[in-house]
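Colleague: Spelled out, the chains give:
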Amino acid sequence: SSEVTQDPAVSVALGQTVRITCQGDSLRSNYVSWYQQRPGQAPVLVMSGKNNRPSGIPDRFSGSNSGNTASLTITGAQAEDEADYYCNSRDSTTNHWVFGGGTKLVVL
Amino acid sequence: QVQLVQSGAEVKTPGASVKVSCKEPASNWVHWVRQAPGQGLEWMGVINPSGDGTVYAQKFQGRVTMSRDTSTSTVYMELSSLRSDDTAVYYCARDHSRLDTDMGRYWWFDPWGQGTLVTVSS
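From first to last, the protein sequence lines are chains A and B. Numbering-wise, my numbering comes out as the position in the first sequence, counting from 1, plus 555. Numbering-wise, my numbering comes out as the position in the second sequence, counting from 1, plus 100.
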């Protein structure tokens, strides 16, 4: 199945570490990409591949993979990190892409 | 990267069609993604650089047409037989891919357009 699932919401205290996960069978052989979306704005790429951050994305963002789970970790979360985060993966059998349902990150 | 530039908001009646444009100066594949109010991102499909190859999500097969005018660097997404649940913000995004020694090829979308709100209402 190409479906990928995310926890609907996660909270983290300011300055602490939080992990946002994305699960799916296809992730055993496919990397995901991660997107941050603040209210009223277009999504922005924050991570791709094994652990590739675009320029301009703080180094507190990191990516990892294990089995059927991809993770986006924010080490030392800041108030401006409060946003929705989406993972995306490609299904190699259908040549279709799929988004996870999104995780709302609340920074307390 | 500089955001892609999309056409403006549209209001349509049920059963009509809408055509959204996206200025994409690079010769890359381009994806279309939509987001209904308060909902998540939904992948609709992708078009190749020359405009003669498309892949559509099964949900939109038969209703969506993606096209490209290479002379003006513009990509289009047309959705027909509009319903109220097609009310959403529609985004275009540039495709990138790279080959990884462990997992093979992987993809990402960057940059995105600013989004086009399509409202379907009678």
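No lab work stands behind these hints: they were computed from the structure. Glycine included, every Cβ here is placed at the ideal spot set by N, Cα and C. One or more of the hints may lead you astray.
Unchecked claim - The list that follows gives simulated cross-link-like pairs (lysine to any residue, SDA-like), each with its CA atoms no further than 25 Å apart:
hint: 1; chain 1: B; residue 1: Lys159; chain 2: A; residue 2: Asp562
hint: 2; chain 1: A; residue 1: Lys605; chain 2: B; residue 2: Asn128
hint: 3; chain 1: B; residue 1: Lys159; chain 2: B; residue 2: Pro114
Stated by the list, open to error - What follows is a set of in silico ranges between Cβ atoms, one per label pair, in the way DEER data are often shown:
hint: 4; chain 1: A; residue 1: Arg583; chain 2: B; residue 2: Val102; range: 16 to 22 Å
hint: 5; chain 1: B; residue 1: Gly115; chain 2: A; residue 2: Val565; range: 39 to 45 Å
hint: 6; chain 1: B; residue 1: Lys119; chain 2: A; residue 2: Gln596; range: 31 to 37 Å
hint: 7; chain 1: A; residue 1: Gln571; chain 2: B; residue 2: Ala126; range: 36 to 42 Å
hint: 8; chain 1: A; residue 1: Pro594; chain 2: B; residue 2: Thr170; range: 31 to 37 Å
hint: 9; chain 1: B; residue 1: Ala116; chain 2: A; residue 2: Val565; range: 37 to 43 Å
hint: 10; chain 1: B; residue 1: Ser181; chain 2: A; residue 2: Val565; range: 34 to 40 Å
hint: 11; chain 1: A; residue 1: Asp580; chain 2: B; residue 2: Arg183; range: 30 to 36 Å
hint: 12; chain 1: A; residue 1: Thr649; chain 2: B; residue 2: Ser181; range: 20 to 26 Å
hint: 13; chain 1: A; residue 1: Ser610; chain 2: B; residue 2: Ser117; range: 36 to 42 Å
Colleague: So, against the hints stated earlier in the document, which numbers end up violated here?
Modeller: Going through the list in order, the structure violates hints 4 and 6 and respects the others.
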